[in-house]
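A.B. asks: Letter by letter, the chains look like this.
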Amino acid sequence: MKLPIYLDYQATTPVDARVLEAMLPYFSEQFGNAASRSHAFGWKAEESVEHAREQIAAAIGASSKEIIFTSGSTEAINLALKGVAEMYASKGKHLVTSLAEHKAVLDTCKHLEKLGCEVTYLKPDKTARIAPEQVRAAIRPDTVLVALMWANNEVGTLNPIREIGAVCRELGTLFFTDATQAVGKVPVDVEADHVDLLCLSAHKIYGPKGVGALYVRRKNPRVRLAAQMDGGGHERGMRSGTLNVPGIVGLGKACELARTELVAESARCRELRDHLQQRIERELGFVELNGHPSERLPGNLNLSFHFVEGESLIMGISDVAVSSGSACTSASLEPSHVLRAMDVGEDLAHSSIRFGIGRFTTREEVDYAADALVKAVRRLREMSPLYELAQEGVDLKNIQWQGGH
Amino acid sequence: MERIYLDHAATTPLAPEVRAAMEPFWSAEFGNPSSRHALGVRAARALELAREQVAQLLGVDGTQVVFTSGGTEANNLAVLGLARARAKRGRHVLIGPTEHPCVRDAARALLEEGFELETLRLDARGGLDLEHALSRLRPDTVLVAQMLVNNEFGTLYPVARLARLVRANAPQACVHVDAVQALGKVEVSLGELGAHSLALSAHKFHGPKGAGALVLERGLRPRPLVFGGDQEQGLRSGTENVAGLVGLGCAAALVAERLPRARANFAACRAELARELPRLAGAELLEPAGSEGVVPAIGSLLLPGPPAEVWQHHLEARGVFTSVGSACQAKKGGLSPALLALGLDEARAKRVLRLSFARETSPAEVRAGVEALCALAAELRAYA
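Each protein sequence line maps, in turn, to chains A and B.
The first sequence begins at 1 in our numbering and counts up by one.
The second sequence begins at 1 in our numbering and counts up by one.
Next comes chain A alone, as it looks inside the complex (with noise of 0.2 Å):
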C-alpha cells in the first residue's frame, strides 16, 4: 500500500491511464490545430474532437452538437450563467439558485446582481437538498434561469433533479445544472431529467485538469447563449480559442469510460464508502454524518466529530489526503458555506472532514485510513475536558458559559 492514502477524490483524481493512453498521440505526432480545417493534420484533430463530442453526448443522453468545450466546469457555469442572463435580458433578469452552491455559481451570480440581475438564493434543507416545491415557488414569470447542482462537492447530497427539472419545464424555465460531480457516479440523462443545461469537468472523472464542457439543448426549447469569450468563432461562436485537442480528447475517453463503469464502479465506491462509514460509526461515538443518509453520491462520506478540531485532526492522519470543506474553499478557515447553509453549527462545521472515494481506492486503504482516523480522534478527545464532561453524561447545551463563547 503506498502512503499517503488518497481520499478526496472530490477535489480531483489522477487521469486514469486507457485516457492518458487516448491522449497522448495527440501531444506528438496528431498535434494539429483544429481548425486548421484545410489540412489533414487539422482534419484528424477535429475527426477526434468530433469523436470526444460524442462520447460525452453518450454519458448523458445529449446529441454530440448540444456539446460545448471549455477549459472546465468553472468556465462552463460562468458560460451558462451569463450567456442566458445576458441572452434572455428582454425576458427578464430573474434567476433562482441555492446556498449549496459552488463558488462558481454563486461568485456568478454575484457578479450578475451587479449587472442589474435580481438572484434568489433557496436555502437548502439539513441534508442540503432542495426541494421541487420550493423551486415552484421561486419561479416567477421573469425568471430565466434556474441553476442547481446534481450533487454537492462538499457533502455528496443529490438535489431530485429529474423532478426540480420537471417543475422548470411545466413553468417554461431555463434550467442549468452543475453535474461535475455527478456525472460517473450517478446516471444522467438530460432529456429523462428535463435539463436544459449542464457542465461537467474532465479532472473529476479521472481525465486531465483544463478541460470541460457545457451541454446546451439544441430542441424543445432551443437554448441559445451569449458568447462570454470571443475571437475565432470556434464551438458555434458560443466558445472561440484553439480546442485543447488531447485534453478533449482525454475528457472523450474519460466520459466513455464513466458511462460503461458507472454501475459496477458506484457500487464499489458505495460499499468501501459504507465499510468507512461504519467502521468510523462503530468504533467512535458523537459522531455525525453532514449530508442525506441516502441521496448521496457513492464515493462522499462527510462526517463532523464533536469535541475535535478539524485542522487538528487532518494533521493527526497525515499520511490520508482528506479535505475540509471544499478544496476550493479550504484555503480559508472560514466554515464552508455548505454546511453554514445546512445549518450545521460552527463547531461541527469546523471539525468535518469530507472522505473522497474513487476509481483507485482499495479496501485495504479505506481501513488503514479508518484505524488512522479512529487512533488520531480518540487522541484529541482525550485532551479535550468537553468530551470527558459529556462522556459522564453531562448535557453541554445546559451548561452556562462563562463569556462570549
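Think of the hints as simulated: they come from the structure by calculation, not from any bench.
The reader is advised that the hints may include incorrect statements.
[Claimed, not checked] In silico negatives: residues of chain A with every beta carbon more than 10 Å from chain B:
(1) E54
(2) A58
(3) D125
(4) K126
(5) E163
(6) N220
(7) R259
(8) E265
(9) S266
(10) R279
(11) Y368
(12) R379
(13) S384
(14) D395
[Claimed, not checked] Below 30 Å or equal to it, Euclidean Cα-Cα: the simulated DSSO-like pairs (lysine-lysine) are:
(15) A:K123 x A:K93
(16) A:K103 x B:K88
(17) A:K114 x B:K88
(18) A:K103 x A:K114
(19) A:K93 x B:K88
(20) A:K103 x A:K91
(21) A:K91 x B:K88
(22) A:K219 x A:K91
(23) A:K219 x A:K93
(24) A:K110 x A:K93
(25) A:K93 x A:K65
(26) A:K65 x A:K44
(27) A:K44 x B:K350
(28) A:K110 x B:K88
[Stated by the list, open to error] Covered by chain A, according to a simulated footprint, are these stretches of chain B (three or more residues, beta-carbon under 8 Å):
(29) 28-38
(30) 106-116
From the three backbone atoms N, C-alpha and C, an ideal C-beta is built for every residue, glycine too.
Dock chain B against chain A, hints included.
C.D. replies: Relative to chain A, chain B alone:
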C-alpha cells in the same frame, strides 16, 4: 511520404522536454493546487515554479503572471477586463489594424457596453502608422491593443514606440500586447515594451494547447471574466490545468534558452525561401517590413494562378503542410482582413499562402517545400 510541416504559426508540436515535464502531473502528481494536503501543496508548488519560468522569460515577477486556458482567454481578459476596469475614466478603445479575432471581436463586444472603438492603420510600408495612432489618442482612451508580431505575414510592429506615445498622450490608457506569435521568435520583455499587459499561448512555442497567460504590470487588475474559486488572485477562477501550465513553464524556459539559435535558424530558413523562390515564376515573398522588419519565422507568398487554397491542397498531397490565412480564419473561409489592410485587393489576397517555421525546421525542408511548389506550378499550368 516524408512530411514537411510548415504551419508552425497555427500550432507547434510539443517539445520532448515539455512532454517529459508534464508527464508526472497527469497521474502520479495529480493533486488539486487548492487542496491543503501534501499532494495539493506539491501541485501548487509546481504551478509556482511554472509561473516563475514564465515571469523570467518576460522580465517580470511571478505575481504578475495570470494563467489562462490560452491566448484567446488571455486576450479577452485583457481587452474586456482592462476596458471595464477603466470604464469610469473613459470609454475610448483603439485596436491595431491586423489584430487577431480574439482581440478584435472582444473589442467589438465592448461596443454594446457603450465603448467607442477605432482601428489603427498600416502605413505604406506595412508598418504601424504611428502618426495616425498619435492623432487618435484622447484623454478618454482607456485601452490600446496592438499585436507584436503579425500572425499572417510576420511584420514586427513598433509596440515600444506606440506604448511611449500612449503613455505620454493618453495617460488613462493601458497598452495591451498580443504577443502570441512573438514568443520564441523575438525577444519579449514587458518592461522594454513599456506595455501594461501581454498575452501568450503555450502551443505556439512548443507547449501544450489549453495553457496560456496574461502578464500584467504590477498592481494592474483587469475585471475578471470567470468567477468562482478565486484562483489566480481572483483574476481567473477555476481549477488550474496543472500539467498544461507546467508544460507552459517548461516551454517558456526552453524559449529563453534557445532563442538565439532559433533566430539564426529562422533567418536561415527565410534566406533559403528568398533564394529558392525566384525559381517559381510569378511568385512573390510579401515583405511588409514597416519600421521593424518581418520576423523570419513567417513567410507569406503571393502565388501566381489559382487561389492559395488550391496550392495548399496540392502541396499537402505531396506531404507539405502550409496554410491560407490563419487557422482561426480558415474555418470561416472568409478573406483575411489583415491582408486587405495591407492593401492587397481581393483577388491578390486570395492568392496568399503562409509558410511558418519552427526552431527545428531545416532550410532543406524549406527548399523541399519550394521544390514542391515549382513542381506543382508545372502541373497547374498543364490544367490552365
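A.B. asks: Give a verdict on every hint.
C.D. replies: Quick rundown of the hints versus the structure:
No beta-carbon of chain B is positioned within 10 Å of the beta-carbon of E54 of chain A; the least distance is around 20 Å. With 10 Å as the threshold on Cβ separation, the claim that A58 of chain A sits away from chain B holds: the shortest Cβ distance comes to roughly 23 Å. Its beta-carbon lying about 24 Å from the closest one in chain B, D125 of chain A satisfies the requirement of being farther than 10 Å from that chain. No Cβ of chain B comes within 10 Å of the Cβ of K126 of chain A; the nearest lies about 25 Å off, and the non-interface call holds.
Remark: the non-interface label on E163 of chain A is consistent with the geometry, its nearest Cβ contact in chain B lying 26 Å away (cut-off 10 Å). Distance check on N220 of chain A: its Cβ is at least 29 Å (rounded) from any Cβ of chain B, clearing the 10 Å threshold; non-interface status holds. Against chain B, the non-interface label of R259 of chain A holds: every CB pair exceeds 10 Å, the least being about 21 Å. Remark: the non-interface label on E265 of chain A is consistent with the geometry, its nearest Cβ contact in chain B lying 18 Å away (cut-off 10 Å).
At the 10 Å boundary, the C-beta of S266 of chain A stays outside the reach of chain B, the nearest C-beta of that chain being 21 Å off. Its beta-carbon lying about 21 Å from the closest one in chain B, R279 of chain A satisfies the requirement of being farther than 10 Å from that chain. Non-interface call for Y368 of chain A relative to chain B: holds, since the shortest CB-CB distance, roughly 15 Å, exceeds 10 Å. The beta carbon of R379 of chain A sits about 19 Å from the closest Cβ of chain B, which is more than 10 Å, so the claim that it is off the interface holds.
In this structure S384 of chain A is separated from chain B by more than 10 Å, as the shortest Cβ-Cβ distance comes to about 23 Å. With a cut of 10 Å on Cβ distances, D395 of chain A stays outside the contact zone with chain B, its closest approach being about 34 Å. Of the pairs offered as hints, the one joining K123 of chain A and K93 of chain A holds, with about 20 Å between alpha carbons and a cut-off of 30 Å not exceeded. Under the criterion of a C-alpha separation no larger than 30 Å, the hint pairing K103 of chain A with K88 of chain B is consistent with the structure, at around 28 Å.
Only pairs whose Cα atoms come within 30 Å are accepted, and K114 of chain A paired with K88 of chain B is accepted, the gap being roughly 16 Å. Between the alpha carbons of K103 of chain A and K114 of chain A the distance comes to roughly 16 Å, so the proposed pair stays at or under 30 Å and holds. Distance check on the hinted pair: K93 of chain A and K88 of chain B sit about 24 Å apart at the alpha-carbon level, within 30 Å; holds. Under the criterion of a C-alpha separation no larger than 30 Å, the hint pairing K103 of chain A with K91 of chain A is consistent with the structure, at around 26 Å.
Proposed proximity of K91 of chain A and K88 of chain B is supported: the alpha carbons are some 29 Å apart, at most 30 Å. Among the hinted pairs, K219 of chain A with K91 of chain A is consistent with the structure: their alpha-carbon atoms are about 19 Å apart, no more than 30 Å. Straight-line distance between C-alpha atoms of K219 of chain A and K93 of chain A comes to about 23 Å, which keeps the hinted pair within the 30 Å bound. A hinted pair counts as satisfied when its Cα atoms are at most 30 Å apart, and K110 of chain A with K93 of chain A qualifies at roughly 13 Å.
Between K93 of chain A and K65 of chain A, the direct Cα distance comes to roughly 28 Å. Compliance with the 30 Å bound is thereby established for this hinted pair. For the given pair, K65 of chain A sits about 18 Å from K44 of chain A by alpha-carbon distance, which is consistent with the 30 Å threshold. Between K44 of chain A and K350 of chain B, the direct Cα distance comes to roughly 25 Å. Compliance with the 30 Å bound is thereby established for this hinted pair. With a C-alpha separation of about 21 Å, the suggested pairing of K110 of chain A with K88 of chain B holds against the 30 Å cut-off.
Only residues whose beta carbon comes within less than 8 Å of a beta carbon in chain A count, and the region 28-38 of chain B has 9; three or more means the coverage holds. Only residues whose C-beta sits within less than 8 Å of a C-beta in chain A count toward coverage, and the region 106-116 of chain B has 3 of them, enough to reach three; the restraint holds.
Of the hints listed earlier, there is not a single one the structure fails to meet.
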